[in-house]
Amino acid sequence: MTVSSQINEQALSWFVSLREPDSTEDAWLAFQDWLEADEAHRRAYDRIEQTWLDCDEPDSAPETANDAPRDIPRGRQRASGTRPWLLPAMGMAAAVVLAFGLFGQTAPLQTFHTDGQSRVVVLEDGSRITMNRHTDLSVRMESGGRRVALTDGEAAFDVAHDADRPFVIAAGNHSVRVLGTAFNVLSHGGRFAVGVERGVVAVTPGPDQTPVRLIAGQELNQISDGAPVLSQVDPKETAAWRQGVLVYRDSSMTDVAFDLSRYLDKTVNVSPAARSLRFTGALRVSDEVTMLRQIQDFAPVQVTRSGTGIDLVPRDDR
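Per our numbering, residue 7 is the first one in the sequence shown, and the count goes up by one each step.
Derived by calculation from the structure, the hints in this document are not laboratory data.
Hints are supplied without guarantee of correctness; some may be wrong.
Said to hold, decoys possible - Result set (SDA-like, lysine to any residue): computed pairs, CA atoms no more than 20 Å apart in a straight line: (1) LYS242 x ASN227; (2) LYS272 x GLY250; (3) LYS272 x GLN123; (4) LYS242 x GLY223; (5) LYS242 x LYS272; (6) LYS272 x GLY122; (7) LYS242 x ALA222.
Note that the coordinates shown come from a computational prediction; the quantities given were computed from them, not determined experimentally.
With the hints as constraints, model all of the structure from the sequences given.
Structure (structure tokens):
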């Protein structure tokens, strides 16, 4: 057996075992270790998963005995003729599709939006999404997976465990994949962050990048196309905004201004002299006057106003 064939069989074995009802978190951790050990592992697993999804979402309704023959798309001919190692996975997927009568059905796309208030969305499987203000996302619940597109904003997820239906979040060029856990995702203004409250999360920072495994108490931050930065956090603080509190630990004033801009719906600038300042503390979400008073009381800055919005400058920068 060639090395390629061995990898394909390993990928198929993982694909099947993770869908067992008794699949454990330890199994998920071991799978992540295998996935990250070699780029070929990830490619093999992605091919198998895509084949499952292709079977789950066919291009059109199947033929019946009375239908006239139809042309098969070339891509499908090639897949069935040159990848015999995929046949077990395809057979398994096809069996499930036939058993539940899913051919010709497309899961509806649900879209959700928030303005100045947060919102809780409960999915059909019991998973909960708490959307922060000014957030847009869409959800598609499929038999082979649960998919969320976070177009803009921030949301906290409490995902029901279902080994047969991985929960995948797409946020720009980033993706987050889980089986069942609680975590927070931010994607706004070129900033991407994932913090884990409970369980294990696999984060892909960008196209063709190796997934990064996060466990409870870890947070990944990335600015635009920069390198992702991993840090330790209190799991309870990953989505403290749900209780109306913004928590900072040795955070830059740029990060603080980023949040203030979102919550006040105004541009908050940081003067060059204040960009090196750090802030540790908590701000209670409130009206503009109260939040700006808090930042002046607790952080080493003062608030001024200019034609471009609100400015944060060092207290002695006058």
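Hint check:
Taken as a hint, the LYS242 and ASN227 pair is honoured in the structure, with Cα atoms around 17 Å apart against an allowance of 20 Å. The straight-line distance between the Cα atoms of LYS272 and GLY250 is roughly 19 Å, inside the 20 Å bound, and the hint therefore holds. This hinted pair checks out: LYS272 and GLN123 have alpha carbons roughly 16 Å apart, not beyond 20 Å. A hinted pair counts as satisfied when its Cα atoms are at most 20 Å apart, and LYS242 with GLY223 qualifies at roughly 8 Å.
A distance of roughly 28 Å separates the Cα atoms of LYS242 and LYS272; the hinted pair therefore is violated under the 20 Å criterion. Restraint check for LYS272 and GLY122: satisfied, since their Cα atoms lie roughly 13 Å apart, inside the 20 Å limit. Note on LYS242 and ALA222: the hinted pairing holds, with a Cα-Cα distance of about 10 Å set against a maximum of 20 Å.
When held up to the earlier numbered hints, the structure conflicts with hint 5 and nothing else.
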